[in-house]
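Residue numbers (our numbering), protein chains in the order written: chain A, 51 to 278; chain B, 14 to 327.
You may find that some hints are simply not true.
[What the hints assert, rightly or not] Pair by pair, the computed Cβ-Cβ distance ranges are:
1) L58(A) - V164(B): 56 to 66 Å
2) G302(B) - W247(A): 22 to 32 Å
3) T263(A) - H316(B): 31 to 41 Å
4) A132(A) - L75(B): 18 to 28 Å
5) F80(B) - K118(A): 50 to 60 Å
These are calculated hints, taken from the structure and not from any lab test.
Glycine included, every Cβ here is placed at the ideal spot set by N, Cα and C.
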Amino acid sequence: MREIIALLFDTYSDFSGRGKLLPLFLVSLIILFLVMKKEGSRIRPLLFVLSVWTAISAAFVTFTGSIKSRKYRLGAGLFLAAMIVLSGSLIWSRGFLVSAGEIQQQEEDCRTICDRILSEDPAAGVIASPGLMPYLCASSASITPLYEVPYPGKEDELGEEDHLLYEAFLSQHPDLQLVRRICREESRIFAVTDNEWMWPEHVVESGFSLLDTVGHYDIYVYAGGGHE
Amino acid sequence: MSKHAQKILWILCILLIAAQTVITAFFTAGQTAGLQILKNATQVYETGRIVITAPLMSLWGLICRLFHMSPVFFALHILPFIMIPACYGAYIFLIRSFCEGKTVPLTLLIVCLLQIFGYQSDAFVPATLLLGWYTGYALVLHLLCPLLLGVLLTKLPVVAAKEVKSGEDTADEEDEDMKHKYLNVRNLGIALLLFFVIALSAIFVLNRKINNLHAATENLQKSISDKGELIEFTGAVGDDLKGYILKGSQGSLTVIFCGDKNDGPALCELLSGYGGAVDSWYLREDEQGAYEYCVKEGITVEHVYTVNGMEEVL
C-alpha cells in the first residue's frame with residue numbers, strides 16, 4: 051500500500067513539478083483559485099490537474115490582467131522571470147549539448163560494441179559508464195546491463211549493489227575487482243570503458259583482459275581465473 | 014494588449030518552438046538516462062513482437078521496423094519534429110480554453126520559457142518535454158493531458174453558463190455575497206493549509222539537501238583517505254617545514270627529507286603511528302640525522318635514496 055501511495059505521489063510530483071518549481075506551482079494554484087472564485091466560475095476542481103507549466107502561465111496572465119497599474123504589472127513580470135530563471139540550475143557546461151555528428155558516431159560505435167559482445171556471449175552481463183549504458187541498452191535489446199542507470203535525483207532508489215556498480219563507473223578509475231566481487235555469479239562480464247578519460251583499475255588481478263577497441267571505447271572481458 | 018504586441022508575441026513563440034525542435038533534433042543533452050526506455054522499442058524493432066507493457070515504445074519500434082530505421086536515430090532525430098510541435102499544439106488548445114484570446118500568446122510564451130528552463134535543470138527526466146519527448150511520460154503529460162483538460166474546460170463552462178442563466182434572478186445576489194465573503198474563515202483556512210504544505214515541502218527539500226551534502230562530504234572524506242595522504246613534517250619545534258611524508262592508498266610510506274637528529278624523536282613518533290615501516294626515504298647528503306635516529310629506534314626502511322643522482326646507498 052505504501053508503495054502504491056509513493057508511486058502516486060511520485061507521479062503527481064512529476065506532473066506538478068519538483069524542486070524550486072513546486073512552491074511557484076502551489077502559489078499559482080492559489081492565485082487561480084482565488085481569481086476563479088471571485089468570478090464565480092464552477093470549474094475550480096480542474097485547477098488541481100493543471101500541469102506546472104500551464105498553471106504558472108495561466109496564474110501570471112490572470113494575475114497581471116487584474117492589475118491596473120503598469121508599475122505593478124512590470125513588478126509581477128520581473129518576479130516571474132526571476133522565478134523561471136531560478137527554476138533552472140543556471141549551468142550550461144561545455145559538454146551539456148552533444149552535436150548530431152557525435153551522437154551518430156556514438157550510435158554506430160554502440161551498435162558495433164553490442165554486436166561484438168553478442169558474438170562472444172549473448173547471455174553475458176555488460177557494464178559501462180552511466181552515460182554510455184543507456185545507449186548500449188537502446189542499441190540492442192539482447193544486452194544484459196549489470197545495473198540500471200537511475201534518473202537524476204533518484205540515485206537513492208538503487209539497490210546497494212547497483213549503487214556500488216553505478217558509483218564505480220562514475221569514476222575515471224572503475225574498479226574491476228569490485229565488479230567481479232559484486233557480480234560473482236556472472237560467468238562472463240563485459241566492461242566497456244571510454245579510453246579517453248577512463249583508466250580501469252585491477253584489470254589483470256580481477257581476471258579481465260582487453261577484448262577489443264571500438265572507436266575510443268575499450269571492451270574488457272572477464273576471462274575467469276582471477277582471484278577475488 | 015494591442016494587436017501589434019500580440020503579433021510580436023506569436024512570432025516570438027513560433028521562433029522559440031522552432032528553435033527548441035531544431036536544437037533537440039540536432040543536439041542531445043548530456044543527460045541520457047531516459048534512453049533506457051528505448052530498449053523496448055529496440056526489442057520490437059529486432060523481433061517484430063509487441064511489448065504489451067510498453068505500448069508507445071512498441072509503436073515506435075513498429076514504425077522503425079517499417080522504415081528500416083534504428084530506434085535511437087528515430088527517437089533522437091525524427092521524433093522531435095513530430096512530438097514537440099504536437100505538444101505545443103495541445104498547450105495552445107488548452108490555453109485557448111481558459112484564457113482570453115489576447116492573452117493566449119503571452120501565456121504560451123511563458124510555457125515555452127518554462128520548458129526551456131525545465132530542460133536546463135533536468136529536474137524530472139523523463140517527464141521534461143525537451144529531455145524525454147519520446148517517452149510515455151511526455152506523451153501523457155504534454156500531449157494527452159493538455160488535450161483532455163482543454164476539452165473538459167471548453168465543455169464545462171457551457172454547463173456552468175446554463176446553470177447561471179436558469180438562476181439569473183439570484184445570480185446578482187450571489188455575486189454580492191461572494192464579494193462580501195471573499196475573506197472568510199474557510200478561505201483563510203485553505204490559505205493556511207497551503208502555507209503549511211509549502212512550508213513542509215520547503216523543510217523536506219532542505220532536509221534532503223542537507224542529507225545529500227552530508228553523504229557527499231562523508232564519501233569525499235573516505236575517498237581522500239582511500240587515495241592517500243600527504244603529511245607536512247614541521248620538525249621538533251614545529252615552526253619550520255622539514256619535509257614530507259606520503260602515505261599511499263595501499264598503506265605504503267615515503268619520506269622526503271625530514272630534518273636532522275634534533276627532529277628525530279618527533280619524526281620517529283610520527284612514523285611509528287603509521288606502522289613504523291617506510292618503503293622509500295629520500296635524503297639530502299648533508300641532512301641525515303633524523304633518518305639515522307629513526308633507524309636506531311627500530312623504524313624499518315626498505316629503500317633509501319640520496320638527492321644527488323638518486324642512487325641507492327643501502
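In rising order, the numbers of the hints this structure does not comply with: 1, 2, 4
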